[in-house]
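K.L.:
One-letter residues, chain by chain:
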Amino acid sequence: MREIAKACVIAAKDMLTEIRTREVISSVVVFAVLVIVIFNFAFGSNQQAAGLVAPGIIWVTFAFAGILSLNRSFVLEKEEDCIEGLMVAPISREAIYLGKFFGNLLFIFLIQAIVIPVFSLLFNVGFFNIELVLITILASVGFASVGTLFAAMAVSTRARELVLPILFFPVITPVIIAAVNASAVILGGGVLSDITQWLGIIGAFDIIFIVASYLVFCFIIEE
Amino acid sequence: MKRKVLFFISSGLLLASFYMVLVFVPTEKDMGIVQRIFYYHVPLAWIAFLAFFVVFFASIGYLIKRKPLWDHIACASAEIGLVFISLMLLTGMIWAKAAWGAWWIWEPRLTTSLVLWFIYVAYFIVRAYVIEEERKARFGAVVGIIGFLNVPLVFLSVTLWRTQHPPLTIFTEGLVGSMMATLMVCLVAFNFFYFYLLAEGTLMKADERTVKQLKEESIRRNP
Amino acid sequence: MENAGYMLSAFIIIWAALLGYVFMLSRRQAKIHRDIELLKENISQQG
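Chains as they are written, first to last, in my numbering: chain G, 4 to 226; chain X, 31 to 253; chain S, 83 to 129.
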């Protein structure tokens, strides 16, 4: 339990930094909205097509925006050598992972809270029902689970902007497939019972990769 | 010495497979002569996934034991796996073109292999952009572990996704005796060949490490 | 004999790739052994 408390402290620190500087949320939100607008140029003129590809667009947007937000979660730490500070502090490596994970998850939720209404407006698609919220929460947990691990790795390489997407996108494939298909079902008038298998996949992904990332994180920020 | 034995066994078996696939086995009636690709496509796929399992196993071994040998095995197996999975994708595409007229089909096995290909590539890109030997091995190991855990989930999600579309069976049902024998010979041949390549690759990586150490030694003595 | 072209190209690709890979491995190995010999000689001369 104390580990979770310490993790929350780390997450709170990240949140505080963001509140003071407001760097990340604003830039990522602008980026996300831009992506949606560009997609709209690609599909928007055809109302029918727009409705069909809407789930795909929103999740691709979240994937790209997620990469940006995950990237910066460790960039600051690296630049100011805060990683060493964190490691010397009486926190376990696992707690650092959890803290970063919570922080990233909160960031993703915040970004989504702003982007989804904009998306609904531009694409004339209602995103405000409980099933879609559930899908979004579960999928975001998946993003944050491996994303935190890979961001920590990428920031220690010589080409962090290349390494994070290369790692993130293939691994996140099951989440994207499941989220897009489940969203499409719900937007097409389905109910919760129709998407149980998809939710099962995302749920399994979340559990497996939170545990796996939790266990291997210490090997990333070693030394 | 043992490597020579492996080499001769695999060469012999591979030559035998050559004869069996081209001459011995009868032509399948539905697909015609193209079906013979099947006898290589399946073993290629098997080895590609076996190689990745070895990467997974050796990665765990490295993280626990920290002996360079584990990293050599993982890296060598990843290299071989990349070759085999590339070949598997290529033969799969040729097959798809011959059978369905399209170079690519979103069939579960093919799609999962495509994602695995990207994960293999990510393994090497991460290693390429890390300078220190020890960290290179550690990061590679993490990619190997996370990537391997991801593969079943990818397969599951793609399978579920494609059940909504007409199924494309790659493999016809009943295999006549001679066909089964041919497939088995090819499978065994490629297995031996894989282990031969793994042995050579591992020893070569160990030699490369020796070269590095000798270079450092040489610089140390003669700055 | 339709699609014979496809099957032939598949075979050529497979065997070319595998043989090519083995060939590349043996060349790399030869270079590494040469390097090791050179470096060992170097060191014994300096030491």
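Calculated directly from the structure, the hints in this document are not laboratory data. Be careful, since some hints might not be right.
[What the hints assert, rightly or not] Within a straight-line C-alpha distance of at most 25 Å, the following computed DMTMM-like cross-link-like pairs (lysine to aspartate or glutamate) qualify:
1) Lys235(X) with Glu247(X)
2) Lys127(X) with Glu123(S)
3) Lys95(X) with Glu97(G)
4) Lys122(S) with Glu230(X)
5) Lys95(X) with Glu137(X)
6) Lys127(X) with Glu82(G)
7) Lys97(X) with Glu6(G)
8) Lys166(X) with Glu82(G)
9) Lys16(G) with Glu6(G)
10) Lys122(S) with Glu137(X)
11) Lys113(S) with Glu164(X)
12) Lys122(S) with Glu162(X)
13) Lys9(G) with Glu134(G)
14) Lys122(S) with Glu247(X)
15) Lys9(G) with Asp84(G)
16) Lys113(S) with Glu137(X)
17) Lys122(S) with Glu163(X)
18) Lys113(S) with Glu162(X)
19) Lys166(X) with Glu6(G)
20) Lys34(X) with Glu119(S)
21) Lys81(G) with Glu163(X)
22) Lys32(X) with Glu123(S)
23) Lys97(X) with Glu238(X)
24) Lys235(X) with Glu137(X)
25) Lys235(X) with Asp117(S)
26) Lys34(X) with Glu123(S)
27) Lys122(S) with Glu164(X)
28) Lys122(S) with Glu246(X)
K.L.:
Against each hint, give a clear statement of whether it holds in the structure.
P.N.:
Hint by hint, here is what the structure shows:
Distance check on the hinted pair: Lys235(X) and Glu247(X) sit about 18 Å apart at the alpha-carbon level, within 25 Å; holds. Between the alpha carbons of Lys127(X) and Glu123(S) the distance comes to roughly 56 Å, so the proposed pair goes past 25 Å and is violated. Distance restraint check for Lys95(X) and Glu97(G): the Cα-Cα separation of roughly 20 Å lies within the 25 Å cut-off, and the hinted pair is therefore satisfied. Between Lys122(S) and Glu230(X) the CA atoms are separated by roughly 22 Å; this keeps the pair inside 25 Å, and the hint holds.
About 39 Å separates the Cα atoms of Lys95(X) and Glu137(X), which puts this hinted pair outside 25 Å; it is violated. In summary, the hint linking Lys127(X) to Glu82(G) is not supported, as the alpha carbons are separated by about 50 Å, beyond the 25 Å threshold. Of the supplied pair hints, the one linking Lys97(X) and Glu6(G) is violated, its CA atoms being roughly 31 Å apart against a limit of 25 Å. The suggested pairing of Lys166(X) with Glu82(G) holds, with an alpha-carbon distance near 21 Å, which does not exceed 25 Å.
Note on Lys16(G) and Glu6(G): the hinted pairing holds, with a Cα-Cα distance of about 15 Å set against a maximum of 25 Å. Among the hinted pairs, Lys122(S) with Glu137(X) is inconsistent with the structure: their alpha-carbon atoms are about 53 Å apart, more than 25 Å. With a CA separation close to 24 Å, the supplied pair Lys113(S) and Glu164(X) stays within the 25 Å bound. Taking the CA atoms of Lys122(S) and Glu162(X), the gap is about 24 Å. The hint holds against a cut of 25 Å.
About 32 Å separates the Cα atoms of Lys9(G) and Glu134(G), which puts this hinted pair outside 25 Å; it is violated. Distance hint between Lys122(S) and Glu247(X) is fulfilled; the C-alpha atoms sit about 10 Å from each other, no more than 25 Å. With a C-alpha separation of about 20 Å, the suggested pairing of Lys9(G) with Asp84(G) holds against the 25 Å cut-off. Proximity of Lys113(S) to Glu137(X) is assessed by CA-CA distance (about 42 Å); at most 25 Å being required, the pair is judged violated.
Proximity of Lys122(S) to Glu163(X) is assessed by CA-CA distance (about 22 Å); at most 25 Å being required, the pair is judged to hold. For the suggested pair Lys113(S) and Glu162(X), the alpha carbons sit about 23 Å apart, so the restraint of at most 25 Å is met. Pair hint Lys166(X) plus Glu6(G) does not hold up; C-alpha atoms about 29 Å apart against a cutoff of 25 Å. Only pairs whose Cα atoms come within 25 Å are accepted, and Lys34(X) paired with Glu119(S) is accepted, the gap being roughly 23 Å.
Between Lys81(G) and Glu163(X) the CA atoms are separated by roughly 20 Å; this keeps the pair inside 25 Å, and the hint holds. Between Lys32(X) and Glu123(S) the CA atoms are separated by roughly 29 Å; this puts the pair beyond 25 Å, and the hint is violated. Our distance criterion of 25 Å between C-alpha atoms is met by Lys97(X) and Glu238(X), whose separation comes to about 15 Å. Of the pairs offered as hints, the one joining Lys235(X) and Glu137(X) is violated, with about 36 Å between alpha carbons and a cut-off of 25 Å exceeded.
With a C-alpha separation of about 14 Å, the suggested pair Lys235(X) and Asp117(S) falls inside the 25 Å cut-off, and the hint holds. Distance check on the hinted pair: Lys34(X) and Glu123(S) sit about 28 Å apart at the alpha-carbon level, beyond 25 Å; violated. Between Lys122(S) and Glu164(X) the CA atoms are separated by roughly 24 Å; this keeps the pair inside 25 Å, and the hint holds. For the given pair, Lys122(S) sits about 12 Å from Glu246(X) by alpha-carbon distance, which is consistent with the 25 Å threshold.
Going down the numbered hints, you'll see the structure goes against 2, 5, 6, 7, 10, 13, 16, 19, 22, 24, 26, while the others check out.
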